[in-house]
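The whole structure should be built from the sequences, with the hints applied where relevant.
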Amino acid sequence: MKPHLLLLLLFTITRLANLTLLPIFIDEANYLDWGWREIHSPNHLFYSLYDSKPPGIMWLYGLAQSVVSDPLLAGRLVTVFFGLLTTIGLYLISGPLAASLYTLVPIFVFFDRQALMETPLAAAGVWIYILTLRLQKLPTLKNALLLGFVLGASLLIKTNAILFALPIPFLLFSRQNLVRYWTLLIFALLGFLIAALPLFFQAQFWSTLSSNSRYSFTLSELLHFPILHWINNLWSYLQISLWHLTPLILITAIIGLRKSPKSLILYSLTPIALTILLSRSPTPRYIVSFLPFLLIPAAQFLSSHRKLLYSSLGICSLVIGIFIFSPPSYFRLYARLTPYSEIGYLEGDNSGYQVQADLVYLKTLKPPAIVALALNSGNPEAALMNYLRPWPGFVVSYLDSSLLNIDFSQADCVSSSTPLYFVARRDQQAGLEKFFVLVTTIKNPYNQDFNNIYTLRSDCPPEKTLNLTLSLNK
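Residues 181 to 654 in this note's numbering are what the sequence shown lists, from first letter to last.
A hint or two may mislead.
[Claimed, not checked] Calculated lysine-lysine pairs in the BS3-like style (CA-CA distance at most 30 Å, straight line):
(1) 182 to 487
(2) 442 to 487
(3) 623 to 546
The hints are simulated quantities; they were obtained by calculation from the structure and are not laboratory data.
As structure tokens, this is what we get:
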């Protein structure tokens, strides 16, 4: 079999097998919900900006849900596609070995199989590098515009895509032809603005941009030189890279960098270094988009050290096999190795496993039925909103005292012509406690978390019952 066909087969297996076995993550739930709203609700095209998240990938998630009925599968297929773009890009830059490593290294398999922004950002970074190299070889205005346009479009994925832009002026610099150099930069900037202007025209983008200080230091904080924090970040990201890339891949990448082109060293290490300086709390998600480039020097070194290569491939295959077929075993394995194990997917508050248990119960209900949720984001609310929208005979929406402009002081019960079930995060009943009676408690099999499911009380006399046609806001 030809190398590129074997690579495609390997990628397909590692990305699509048991793609939805890992339950929906809290951020996946939000992104899929926002994406659906942005595509299907009028005047919501930039809805995700209220949480300072650019909408580019959300749009694709919303469109995918128009085609695929399972929202989680729809979103994850979008991310798998971007993982394929990353694989193709690495193949073009370095050949089949670097691309093969990408298909097998645990951290990339992990994120390529989730409806998040990190894999699309990684794909953008790889192709920005390809277009930068192309512009070096063919310094035309068309290529400069294209590079800038892709960079601007990347900003619609995630704002830290700007980190990929910082090395570009240095990579393109030419003392021999300064006029040409500045002309190319101006046209690249023009392409960037063309792609990014829809985002820049949104007032909410600018008003919420400062909220990214939740995740990264502000300029004033950086000027205080938090050296101890930087040292801690460096150590933390080394641990993340060591265990999630696997030790052999990280070590061979570091060794291989010594013989790598300066352009690759500058382009790959600049975003990593800035992530170390800017991050408040280190996490694999903050750095994974910048790690694919380390596979290039690793592949160059391993190509001449076959025993190490086979050992690396064997270790990676074993780890991702555990993840694909038994996610709980994967998280527990990594929890023994590193504090950055992502064990929260299994045991954290509002775990996707809780949502999975909720759905099992809700499928036992007979339609028609209303499934009501508190006005919260994340799991279980956003996840259930995603899953239940296409269910025939079910209406899913928010029900919260803050949404109802009604005086309930004279009523002890509320009636509904359609059976109503309120799914509560633990026992949080959105200020409507006196109207509900507990139906069942759904427990998470991996932690102490639970969701209570309530229905409306029906034990009140008519004079204490508010006959209300609930107008629920989706």
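Status of each hint after checking the structure:
no. : hint       : in the structure
1   : 182 to 487 : holds (23 Å)
2   : 442 to 487 : holds (28 Å)
3   : 623 to 546 : holds (22 Å)
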